[in-house]
Amino acid sequence: DAGITQSPRYKITETGRQVTLMCHQTWSHSYMFWYRQDLGHGLRLIYYSAAADITDKGEVPDGYVVSRSKTENFPLTLESATRSQTSVYFCASSENRRETQYFGPGTRLLVL
Amino acid sequence: AQKVTQAQTEISVVEKEDVTLDCVYETRDTTYYLFWYKQPPSGELVFLIRRNSFDEQNEISGRYSWNFQKSTSSFNFTITASQVVDSAVYFCALSEASRGNNRLAFGKGNQVVVIP
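Protein chains in written order, with our numbering: chain A, 1 to 112; chain B, 1 to 116.
Don't take each hint at face value.
[Stated by the list, open to error] Only pairs whose alpha carbons sit at most 30 Å apart, straight line, appear in this in silico DSBU-like list of lysine-lysine:
#1 B/LYS70 x B/LYS3
#2 B/LYS38 x B/LYS3
#3 B/LYS70 x A/LYS11
#4 A/LYS57 x B/LYS108
#5 A/LYS11 x B/LYS108
#6 A/LYS57 x B/LYS38
#7 B/LYS3 x A/LYS57
Treat the hints as calculated values from the structure; they're not laboratory data.
Build the full structure now, drawing on both the sequences and the hints.
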């Protein structure tokens, strides 16, 4: 029972490149989330999804794109990576909008 | 607006001492949910507890206990007889029922260092 997984766990890329971070959950949770964690800012919501084909912006969506064609997957794409997007990215899921969010192991992204 | 404040950034204790982490929250909702998560040095976020706004019962789980007081908008966390494995960053978080997105507002976290 894998729960929620993220790939890759570590990624180094260059400014201007497109990067996709993957998130997969095996619980059939309706809600999925992307957060970024930065020193001094804590965790901030980037995007969330209430169900397949339903996504919406969080606090810091600029520069990111998401999609959710299947309930279990919620990829996050940085269309043209910038140094300010160097961060640790966490994916989370919850059964519904009032339930506890469970987090994946995180992806450490370095943009050079 | 939802807001969570964790005032102490880093706390060092000697093993077997107790440590209390303060969490103060702000919300206009009458229905909300409070959480504590642990982030050990390995980096993952581990769910510890959830408390609903209408349930003010305190809770104990092993060496962990939580004190929820609506009157002071606080949801404090105590580790009793701390151990080295408790060394981690602990986050308090708030979710408001009125929000359609279940967004978690996190505090900045408390870095707990347990010295053997």
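Verification of the hints:
no.	hint	in the structure
1	B/LYS70 x B/LYS3	holds (15 Å)
2	B/LYS38 x B/LYS3	holds (19 Å)
3	B/LYS70 x A/LYS11	violated (43 Å)
4	A/LYS57 x B/LYS108	holds (22 Å)
5	A/LYS11 x B/LYS108	holds (25 Å)
6	A/LYS57 x B/LYS38	holds (26 Å)
7	B/LYS3 x A/LYS57	holds (19 Å)
The structure does not agree with numbered hint 3 stated previously, though it agrees with all others.
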